[in-house]
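Engineer: Here's the letter readout for the chains.
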Amino acid sequence: MELLVSDVKLVSGSRWLLLHAVAVFAFLYLPIVVLILYSFNGEGVGGFPPHHLTLDWYRTLFADGPIWDSVLNSLQVALAAMVISLTFGVPAALALERAQFPGKALFRRLVLLPLILPGIITGLSLLMLFNVMGTKLSLVTIVLGHGTALISVATTEVFAGLQKLDRAQEEASLDLGANYWQTFWRVTVPNLKLPIIGAALLIFTLSMDEIAVSFFLIGRDNTLPLEIWGRLRRGITPEINAVSTIIFAFSLVAIVFWYRLRMRGESTAEAGAEFVEAVEGGAA
Amino acid sequence: MFSRAYKTAVTLPPLLWVTVFLLVPYLLMFCYSFWSVSASQTILHSWNLDNYVQLLRVDVYWQTLLRSMWIAARVTVFSLLLGYPLAYFLSFYAGKKKDLLYQLVIIPLWVSYLVRAYAWKTILGSGGVLNTLLQYVHLTKHPLEFLLYSPFAVVLTLTHIYTPFAFLPIYAALEHIPRNLVEASHDLGATPGQTFWKVIFPLSIPGVLAGATFAFVLSLGDFLAPLLLGGPSGIMISNIVVSLFGAAYNWPLGAAISLCMLLLVVSLLVFSERLEKRWSFS
Chain R
32 MELLVSDVKL VSGSRWLLLH AVAVFAFLYL PIVVLILYSF NGEGVGGFPP HHLTLDWYRT
92 LFADGPIWDS VLNSLQVALA AMVISLTFGV PAALALERAQ FPGKALFRRL VLLPLILPGI
152 ITGLSLLMLF NVMGTKLSLV TIVLGHGTAL ISVATTEVFA GLQKLDRAQE EASLDLGANY
212 WQTFWRVTVP NLKLPIIGAA LLIFTLSMDE IAVSFFLIGR DNTLPLEIWG RLRRGITPEI
272 NAVSTIIFAF SLVAIVFWYR LRMRGESTAE AGAEFVEAVE GGAA
Chain W
5 MFSRAYKTAV TLPPLLWVTV FLLVPYLLMF CYSFWSVSAS QTILHSWNLD NYVQLLRVDV
65 YWQTLLRSMW IAARVTVFSL LLGYPLAYFL SFYAGKKKDL LYQLVIIPLW VSYLVRAYAW
125 KTILGSGGVL NTLLQYVHLT KHPLEFLLYS PFAVVLTLTH IYTPFAFLPI YAALEHIPRN
185 LVEASHDLGA TPGQTFWKVI FPLSIPGVLA GATFAFVLSL GDFLAPLLLG GPSGIMISNI
245 VVSLFGAAYN WPLGAAISLC MLLLVVSLLV FSERLEKRWS FS
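Residue numbers (our numbering), protein chains in the order written: chain R, 32 to 315; chain W, 5 to 286.
Treat the hints with care, as some may be off.
Said to hold, decoys possible - Derived DSSO-like pairs: lysine-lysine, alpha-carbon spacing no greater than 30 Å straight-line:
#, chain 1, residue 1, chain 2, residue 2
1, W, K101, R, K195
2, R, K135, W, K11
3, W, K102, W, K281
No lab work stands behind these hints, which were simulated from the structure alone. Since we're looking at a predicted model, the values are computed, not measured.
Sequences and hints are given; from them, build the entire structure.
Structural biologist: Here you go:
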């Protein structure tokens, strides 16, 4: 690219591109900056310039029982959804990569559909299912909704990991007398550690934020986004900015964590190799 | 290398789960759409086409659907206009800062959808940040009312939310273009403009299609941004569905509209997949 950058015309063209990029970043970050700034604003959510910087909204927030109940609910839902999505999403990826069965194309489409489908369709179709089955709506129905919709995330991440995976290790493990169950847990899973952790993190965050599906499956207990939604309908105070700022801070930690994980991505093949050696040693 | 038992063990559980919690619900939605509601608000399991007839007959349904598609189309175009040049800049000109800038595009995706929509509400409202800023610098005397509770607010917010979605596949497509193709084009005397339009852009079309599909489909089905920022003129088709499943209590009609959306979305996906295959060079 050295060649192109030295080209006069392109340099002038790239200046426009640079300006455009700056503008897009400003557009993407403006609401986030405003949100954080006004969480410290004594005078309410609007009004320029911000007045009376204060931590009062954070104090209100920390004394706000219903918000923390909903945070706890969301954490439980996200954890349970993560378990369901991984339990079914990892085998689904293995099935898609390694097995041939009738209806495979349909299966692939079905698994991936919730990823691109507007949440309202997933939410409503499950609402009808629970209605027909006579299931009472509660956090459990939300878990089932999130767990099902997010299988797609686990499957896509793990499927990508599988395609890079060298099957020789699994073959060696099987040849050396380990059964499929042992091979799965000691060779396949360790080799897929990164995609699995990545998927888990992503599923957790997406579930914590999810609102469109939860909207239809909610029972008596609120998740955090639905609690916020309820308050937005009643009138807004910077307390919402404060809770959003805290969520944002946690998301940032998750991103940094995820990014570190990705950077380390190269050195994961070793865990499986160790097991093959161990079996070999045992056999000898 | 993998035995039959292994293949069954990895296939059967997800297959069963997906059947119960995805396939059956979609089929139920299909069934519901042919049922009806009695005057005493119970669902009658008698099969008929009334809901679909009503969809075509009552103006508000298909007009709202068209308006939603128009809003989604604008969101798609704006997301591409913002996302494409950004992806191009990052891929070809950002040099060492590429990874950092890429992360910066991703970060807003991790901020809750609801929170970002809410932030726009606090910016656009009549006592909001933008209006009070304009008055503060004496550009306007009264708050601009069209900013909030309008289709404009919905398009702006959805564009903000879906620009990173449009950006990602375009960036991936641009990153996959072999750089020696670009150099070859340059060496053979093409101007930078020619290189872009004849080499780079055609090779990035699959990414553009994927990004456009994401932005269009997801904004088409949105109901929270319209509720929060749309006002009466910004109502979208999903808002009608929500009210049919809530206060208006007509699940069968709601199911019929949802099913139309589902079919529209699936056919769009299939269509864009076909196009992507046609345009991909490998």
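Engineer: Decide, hint by hint, whether the structure agrees.
Structural biologist: Hint-by-hint comparison with the structure:
{"no.": "1", "hint": "W:K101 - R:K195", "verdict": "holds, 27 Å"}
{"no.": "2", "hint": "R:K135 - W:K11", "verdict": "holds, 13 Å"}
{"no.": "3", "hint": "W:K102 - W:K281", "verdict": "holds, 28 Å"}
Consistency note: the structure conflicts with none of the earlier hints.
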